[in-house]
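These protein sequences, in sequence, are chains A and B. First residue of the first sequence? That's 1 in the working numbering, and the numbers climb one at a time after it. First residue of the second sequence? That's 1 in the working numbering, and the numbers climb one at a time after it.
Any given hint might turn out to be false.
Said to hold, decoys possible - Simulated pairs of lysine-lysine, DSS-like, Cα-Cα distance not exceeding 27 Å: (1) K276(A) with K160(B); (2) K193(A) with K268(A); (3) K276(A) with K77(B).
Stated by the list, open to error - Chain B residues, not near chain A, derived (Cβ > 10 Å throughout): (4) P55; (5) N63; (6) W81; (7) P86; (8) A107.
In short, the hints are calculated from the structure, not lab data. Only a predicted model underlies this, so the values are computations on that prediction, with no experimental measurement involved. For every residue, glycine included, the Cβ atom is placed at its ideal position computed from N, Cα and C.
Residues per chain are reported as follows:
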Amino acid sequence: MKKFRLILNIILILFISISKSYSLVEVDITRGNLNPLPIAVSPLFQDNNSNTFFENELEIKDLGSEISKVIENNLKQSGLFNPLSKDAFLQKPDIAHLKPRFEDWALIKSQALITGKVTAINEKLKVEFRLWDVLAGREMLALAFTTVPSNWRRVGHIITDKVYQRLTGEKGYFDTRIIYVSEEGPKTQRIKKLAIMDQDGFNTKYLTLGNELVLTPRFNPTNQMVTYLSYFRNLPRVYLLDIETGIQEVVGDFPGMTFAPRFSPDGKKIIMSFAKDGNSDIYTMDIENRIVERITNHPSIDTSPSYSPDGKFITFNSDRSGYQQIYVMKSDGSDVKRISFGKGLYGTPVWSPRGDLIAFTKLHKGKFYIGVMRVDGKGERLLTENYYQEAPSWAPNGRVLIFYRETKSNDKGEGFTAKLWSIDLTGYNERMVNTETDASDPSWSSLLSN
Amino acid sequence: MNLSKILKNTFLVILLSMVVSACATKKTATNLDSQIQGDVYTGTDTVEYLAKGVPDRVFFATNETILTTMSRDTLRKQAAWLRENPSVNVVLEGHADERGTREYNLALGERRANAAKDYLMTYGVSADRISVISYGKERPVDSGSNPLSWSKNRRSVTVKAN
Chain A
1 MKKFRLILNI ILILFISISK SYSLVEVDIT RGNLNPLPIA VSPLFQDNNS NTFFENELEI
61 KDLGSEISKV IENNLKQSGL FNPLSKDAFL QKPDIAHLKP RFEDWALIKS QALITGKVTA
121 INEKLKVEFR LWDVLAGREM LALAFTTVPS NWRRVGHIIT DKVYQRLTGE KGYFDTRIIY
181 VSEEGPKTQR IKKLAIMDQD GFNTKYLTLG NELVLTPRFN PTNQMVTYLS YFRNLPRVYL
241 LDIETGIQEV VGDFPGMTFA PRFSPDGKKI IMSFAKDGNS DIYTMDIENR IVERITNHPS
301 IDTSPSYSPD GKFITFNSDR SGYQQIYVMK SDGSDVKRIS FGKGLYGTPV WSPRGDLIAF
361 TKLHKGKFYI GVMRVDGKGE RLLTENYYQE APSWAPNGRV LIFYRETKSN DKGEGFTAKL
421 WSIDLTGYNE RMVNTETDAS DPSWSSLLSN
Chain B
1 MNLSKILKNT FLVILLSMVV SACATKKTAT NLDSQIQGDV YTGTDTVEYL AKGVPDRVFF
61 ATNETILTTM SRDTLRKQAA WLRENPSVNV VLEGHADERG TREYNLALGE RRANAAKDYL
121 MTYGVSADRI SVISYGKERP VDSGSNPLSW SKNRRSVTVK AN
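With the rest of the complex left out, here is chain A:
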């Protein structure tokens, strides 16, 4: 029964956040209204031999402790958990992992506990972990992973995903990566590069050198391919990039600009805009057989297309009413319906991977908002208001959005920054995502492992 209490608590948190969200008519970024679940992440234990091995291999002194920090940081960033300070822990990591003394953990008000053990076996990294229900005094989850030592951060992310899923009933989003555009230099001569990093901002790699302008990278939801816009040789075209091999190729043979690319949910097509003679329409291209299909045919600007997760519908941005609004159509281009009817302009619609919502950017009275609406356009909720922000991208579980935000420059053009931010669907828990440089156009990958 005590186990139920823990689960009930979490259900309660979710319930509160959901019920709050419905009452969010106006933008409200008041935070701290939730009661994140107190959780203790004990440093993962490692024996002396393993310690020496990993110190030589990775130049990391206490790998078990470092992995626990990755988990702790993930849980904290989610806004649903409150990892407790390790200073208060009474029990040693090795003993806790065998059998926690639950009274000790209950004493520091912890409701859940993560323990673990790190071992070097045949030059590989073995990590075992357990999740404990402190109030019920029992184990909830126990798993072990073996991998190459350099993968240690990913192990931390995978453990977080397992814990998150066990405690919330929803898949996690921690073993994921973000592809984005790294930005440097003055506004008038901005240098932009494709960059990729782990969801928590670590392991940044630059995929282009900055010789040509690159924009709007998007992950294939089924593999490690990326599509983006490059101004290579001053011809703005959609490209396909394999991030494992580094091979890039231009998509399709169009006489004009191709832009705003995104993959279909099965990863087999690219949907994008093609601009010619002052008119932009939406097309798809089959990646394998290169067959191009025209989806819209309208003298207005049609852009920013995004498929529903079942592939049956497409949401897109069009100014056919006179101004930028959001539309939904069947994937063959028929049955076009406008769904945004609030005050202001609407852009960048993106269909949630859960299928229930469309996230968007809204411009109204000189302010920019990130919001969500149901797929019929009803139930609009604005999550955050700012001077400039746009381009939301969904976490694979459809609970969190990442987007970019720019600050206002003064008259000399100083003070400009572009940063990535994340916010969860409740409109609470808004956080800046650390990047090495200024950053924009983020796209969240699918879970790397399941």
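Once you've looked at the hints, dock chain B against the given chain A.
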């Protein structure tokens, strides 16, 4: 020949006085009215010249692609100059200001550059001499975040391609 020389000289004088007066307004004007009319930039701050008296760019109102009277005048000058210089090809670079979503602005820049292209074609410049590229909001000429800066950035610039 003499007549054209005289004309040229007079034109130069007029042009010079225009530049001088433009400088004067820039220095004294504190309100935007002298440089923006109906949301469209009318100043000469960022303007370069393809030839004497032939400005290289036209400006647009927010979210608009309509050519103003002043823009049409500029483009007629460009068309005349291009007809006189048949070996010159041009690229029309369309731009938007920073107050719009990236992808829509790419489309908007393309539409602006094409509005200029269509007008040049109406005045006798053949389509194969003109190519078009949109930079959306990626290449502002003025990096400020204020209505005047934005108005300078909403533009189509005619650039010699050879």
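(message) Checking each numbered hint in turn, tell me which of them this model violates, lowest number first.
(response) Numbers 5 and 8 - these are the hints that the structure violates, sorted from lowest upward.
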